[in-house]
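Put together the whole structure using the sequences plus the hints.
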Amino acid sequence: MHRVARLDDENESLKSKLDSQQAEAFMTISTLQEERVELLALKDALQKYIRQLEQNNDDLERGKRVTVSSLEDFESKLNNAFERNAILENELDEKQRLAEMSQRLKDEVKELRSELNRKHRRVGSDEGAEQSGSAPQEEPASSAAPSTPRIATLSSTSHPPTPSTTTSPSPLIHTHTIPSTEPGTPRTAFTGIQNYTPSTRISALNMVGDLLRKVGALESRLASCRTHISTKDSRSANTPATDSSRAKRIHVQNKYNGDPTATVGFTKVTV
Numbered sequence: 001m002h003r004v005a006r007l008d009d010e011n012e013s014l015k016s017k018l019d020s021q022q023a024e025a026f027m028t029i030s031t032l033q034e035e036r037v038e039l040l041a042l043k044d045a046l047q048k049y050i051r052q053l054e055q056n057n058d059d060l061e062r063g064k065r066v067t068v069s070s071l072e073d074f075e076s077k078l079n080n081a082f083e084r085n086a087i088l089e090n091e092l093d094e095k096q097r098l099a100e101m102s103q104r105l106k107d108e109v110k111e112l113r114s115e116l117n118r119k120h121r122r123v124g125s126d127e128g129a130e131q132s133g134s135a136p137q138e139e140p141a142s143s144a145a146p147s148t149p150r151i152a153t154l155s156s157t158s159h160p161p162t163p164s165t166t167t168s169p170s171p172l173i174h175t176h177t178i179p180s181t182e183p184g185t186p187r188t189a190f191t192g193i194q195n196y197t198p199s200t201r202i203s204a205l206n207m208v209g210d211l212l213r214k215v216g217a218l219e220s221r222l223a224s225c226r227t228h229i230s231t232k233d234s235r236s237a238n239t240p241a242t243d244s245s246r247a248k249r250i251h252v253q254n255k256y257n258g259d260p261t262a263t264v265g266f267t268k269v270t271v
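Residue numbers (full-length UniProt numbering): 1 to 271.
Quick caveat, the hints were computed from the structure, so don't treat them as lab data.
It is possible that some hints are incorrect.
Computed cross-link-like contacts, BS3-like style, restricted to lysine-lysine with a CA-CA straight-line distance of at most 27 angstroms [claimed, not checked]:
1) Lys95 <-> Lys214
2) Lys106 <-> Lys119
3) Lys64 <-> Lys77
4) Lys214 <-> Lys110
5) Lys106 <-> Lys95
6) Lys106 <-> Lys214
7) Lys77 <-> Lys95
8) Lys95 <-> Lys110
The calculated label-pair distances, taken between Cβ atoms and stated as ranges, are [said to hold, decoys possible]:
9) Leu32 <-> His2: 38 to 46 angstroms
10) Arg221 <-> Asn79: 50 to 58 angstroms
11) Gly216 <-> Arg122: 35 to 43 angstroms
12) Val68 <-> Ala99: 41 to 49 angstroms
13) Glu91 <-> Glu61: 39 to 47 angstroms
14) Met101 <-> Glu61: 58 to 66 angstroms
15) Ala41 <-> Ser69: 37 to 45 angstroms
16) Thr200 <-> Asn85: 38 to 46 angstroms
17) Ser20 <-> Asp59: 54 to 62 angstroms
Backbone N, C-alpha and C fix where the C-beta goes; we use that ideal spot for every residue, glycine too.
Written out as structure tokens, the structure is:
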């Protein structure tokens, strides 16, 4: 009996221990389940955050590529602008040099023409004195015939005109009409540079023409560069500038073509 009572006591103690352990296990399981739920929620939040970070990273990489490409385009445009500026500076220097050379040539031509006019006046006065001394009894109409045709004949015989100066009409040739002693018999003669060969005169004319063409080409290239540099919004504003530069170039060319001091050629005298 004593043994049965001891076993009952042990059984009761074991049951109490089992109940306590089951309660502890239940509490532990409940706690673990709560922690599991919290961890799952945290995992979902972290996954969402990771996806958002990846998306932001992709956006940043895309923006970086766009920035790099735009920077490369800007660098290329900047280099092109530097090159164009260098070309424009060289062209401006060349234009200034050509303008100075053209001005020097115009001054030389003006001096040559003034010297020629002095020589023509001196030769004309000599011829008039010779005619007045050789034929004092002739009528005024016959004795007053101008000496320019004789001068022109001398100049044309001493310096025969080249085909380029006689056949092609040019603004370098000036025609003057002189009354003839015999009506109905027109006579033409050329008065020009007597102390210079035709090759020298032609080379001077060619140099002046080349300089004028170069100046016009430089102005057209400057106008095209200005139009190319300007944006699409300011094209309408830059169009009058291009037209004005073109009109200015045409005016300069017409001025040079019509300026008698800018040419070294023959003077055509028609009797």
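Checked hints:
Restraint check for Lys95 and Lys214: satisfied, since their Cα atoms lie roughly 8 angstroms apart, inside the 27 angstroms limit. For the hint pairing Lys106 with Lys119, the CA-to-CA distance comes to about 20 angstroms; that is within 27 angstroms, so the pair holds. Between Lys64 and Lys77 the alpha-carbon distance is near 20 angstroms, which keeps this suggested pair within the 27 angstroms criterion. Between Lys214 and Lys110, the direct Cα distance comes to roughly 22 angstroms. Compliance with the 27 angstroms bound is thereby established for this hinted pair.
For the given pair, Lys106 sits about 16 angstroms from Lys95 by alpha-carbon distance, which is consistent with the 27 angstroms threshold. Taking the CA atoms of Lys106 and Lys214, the gap is near 16 angstroms; set against the 27 angstroms cutoff, the hint holds. For the proposed pair Lys77 and Lys95, the alpha carbon gap of about 26 angstroms is at most 27 angstroms, so the pair holds. Taking the CA atoms of Lys95 and Lys110, the gap is about 22 angstroms. The hint holds against a cut of 27 angstroms.
In this structure the hint that Leu32 and His2 lie 38 to 46 angstroms apart at CB holds, the actual value being about 44 angstroms. Between Arg221 and Asn79 the C-beta distance comes to about 20 angstroms, which lies outside the given range of 50 to 58 angstroms. Range check, Gly216 to Arg122: Cβ separation about 39 angstroms, and the 35 to 43 angstroms hint holds. A C-beta distance of roughly 46 angstroms is found between Val68 and Ala99, which places it inside the suggested range of 41 to 49 angstroms.
In this structure, Glu91 and Glu61 meet the distance hint of 39 to 47 angstroms, their C-beta atoms being roughly 45 angstroms apart. Under the hint 58 to 66 angstroms, the C-beta atoms of Met101 and Glu61, about 59 angstroms apart, fit the expected range. Between Ala41 and Ser69, the C-beta spacing of about 42 angstroms keeps the proposed range 37 to 45 angstroms intact. At roughly 41 angstroms, the beta-carbon separation of Thr200 and Asn85 lies within the given 38 to 46 angstroms, and the hint holds.
For Ser20 and Asp59, the Cβ-Cβ distance of about 58 angstroms falls inside the hinted range of 54 to 62 angstroms, so the restraint holds.
Consistency note: the structure conflicts with earlier hint 10 alone.
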